[in-house]
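Chemist: Use the sequences and the hints to build the structure in full.
Chains as they are written, first to last, in the working numbering: chain A, 1 to 69; chain B, 1 to 69; chain C, 1 to 69; chain D, 1 to 69; chain E, 1 to 69; chain F, 1 to 69.
Calculated directly from the structure, the hints in this document are not laboratory data. Take every hint as true, because none was put in to throw you off.
With beta-carbon atoms standing in for the labels, derived distance ranges: (1) B:K15 with E:R62: 34 to 40 Å; (2) F:Q17 with A:Q17: 38 to 44 Å; (3) A:Q17 with D:E55: 37 to 43 Å.
Where is the CB? At the ideal position from N, CA and C, for every residue including glycine.
6 protein chains.
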Amino acid sequence: MPYVNVKITKENTTKEQKQEIVSGITSLLERVLGKNPKTTFVIIEEIDCDNWSIEGMLVSQRRDCTETK
Amino acid sequence: MPYVNVKITKENTTKEQKQEIVSGITSLLERVLGKNPKTTFVIIEEIDCDNWSIEGMLVSQRRDCTETK
Amino acid sequence: MPYVNVKITKENTTKEQKQEIVSGITSLLERVLGKNPKTTFVIIEEIDCDNWSIEGMLVSQRRDCTETK
Amino acid sequence: MPYVNVKITKENTTKEQKQEIVSGITSLLERVLGKNPKTTFVIIEEIDCDNWSIEGMLVSQRRDCTETK
Amino acid sequence: MPYVNVKITKENTTKEQKQEIVSGITSLLERVLGKNPKTTFVIIEEIDCDNWSIEGMLVSQRRDCTETK
Amino acid sequence: MPYVNVKITKENTTKEQKQEIVSGITSLLERVLGKNPKTTFVIIEEIDCDNWSIEGMLVSQRRDCTETK
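Modeler: Here it is in structure tokens:
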């Protein structure tokens, strides 16, 4: 019955990549802990580079986030 | 002083439905635990169907999320 | 498929009260949004009064949290 | 190695204000707890006024959120 | 720079299992999205079975959570 | 009406340090964004060193977390 929340910066992650991440995490939890995939939730939150900081500086100040949308 | 975070898939939830959910949860916490509504926060986060999975599969792969916006 | 996280201060909430809260929220989401209870998660997190502040002051400084445990 | 999540209502917060918040929090954690800024994350989440309630009422019902975007 | 939060019920997960989960998720994010492990955080939160519900019923009502600690 | 969640590793943070953090963050949000302290929540979550990883390794594997309690 796990709930997993993955936060990443928003930079053109494709649906195929998201699918690979959620299925990978779900399988891992099943394999290591015996968790039932039917009640495993994985949520991906894509955070704008203006809204995430490391070392006290917004990511958008540190590098180019090529956000096409 | 409760803080409640409700995550649902994004699929045309109306403002009236949101109002009903937040007032319902606030009343419930007041009735059961005596929590003061004046300091009860409820936040609703609507997650894109491409970003939520169950059973290792994105919701957008499983069914149609008729997101009009 | 909702995921709900309820954060309250830790002060002797009973199992019966918790049961009332989780069933109340689950029913509300089913009634208002048609969400399936079988895939509705509610998690209650009880936060120590030393670790929660309002108005810039820890709850444990503001009032007595009669935490028996 | 702290992780800080700041949730505010979405109402035209500028990049400069965000920068001031993230650097202020990072410095505070370094000064008070000796936390290394290189591994301090701060994330700001801006929540639509239709999705946040206090006292059981959506913020958008309580006041004008002059969201220009 | 991902931040991952894994919530599971508290039932004697060992340190070895936790290590396997965090390294597995970190590798997955590196392989699929090119995320740098040096700035990848994974946090595991173990939730008491009295504080987690599915289908409107606390896990501790549904089955035995053999919590030895 | 901000809600701030601060996650740090659990290693003997004192009540005085916690008080300094919560009042510092509350003041910062008031000064930069004009947020009302009366409706500003700050929650500190102390995560066991066995439950937090960076670079795919649990903190408890990387260094000594002198947790006296």
